[in-house]
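S.K.: Residues in the sequence shown are numbered consecutively from -2, following the numbering used here.
Hint data in this document are derived by calculation from the structure and do not stem from the laboratory. Some hints could be false.
Computed Cβ-Cβ distance ranges for the label pairs, DEER-style [unchecked claim]:
no.	residue 1	residue 2	range
1	88	14	15 to 25 angstroms
2	61	32	22 to 32 angstroms
3	19	86	48 to 58 angstroms
4	112	65	10 to 20 angstroms
5	3	66	27 to 37 angstroms
6	88	33	22 to 32 angstroms
7	36	82	33 to 43 angstroms
8	46	-1	30 to 40 angstroms
9	34	82	37 to 47 angstroms
Just so we're clear, the structure is a prediction, and the values are computed from it rather than from any experiment. All residues carry an ideal CB built from backbone N, CA and C; glycine is no exception.
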Amino acid sequence: MAVISGKNGTVNFGGAQSDATGWSLALTSNNPAYGSSDTSGYKKRVGGIKDWSGSYSAKLDGTSVPVAGASVAVSFSTDGTNTWSGTAVCDSVNIEVDMDDGDVVGYSVDFSGNSVVTGA
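With the sequences and hints as input, model every part of the structure.
M.R.: The following block contains the structure:
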């Protein structure tokens, strides 16, 4: 299997395609450990509650910036074929303005999953 480039990645947050510059997604599970008379002095684990969260950064392009606390539909793609989607709550929004150099205005968003995430 060939590796892929992130150059065609996309972010759709709350129904709007963002002018994204990067994104990350963490898929986690708390896996409770236990020891018993059957574990030979080692711990065993069972799959626990799943969770997901992440962040993305984008350039301000005239579309609305997400609002902290909003629950929105999200979709993240690496190249159009590997996509994860679900509903997330916007935890924080950070807007970055550089008045000294006049760089393009950017922002970043941190979010937490709000139920199931689906995808590859």
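S.K.: Out of the numbered hints, which ones does the structure contradict?
M.R.: 2, 3 and 6
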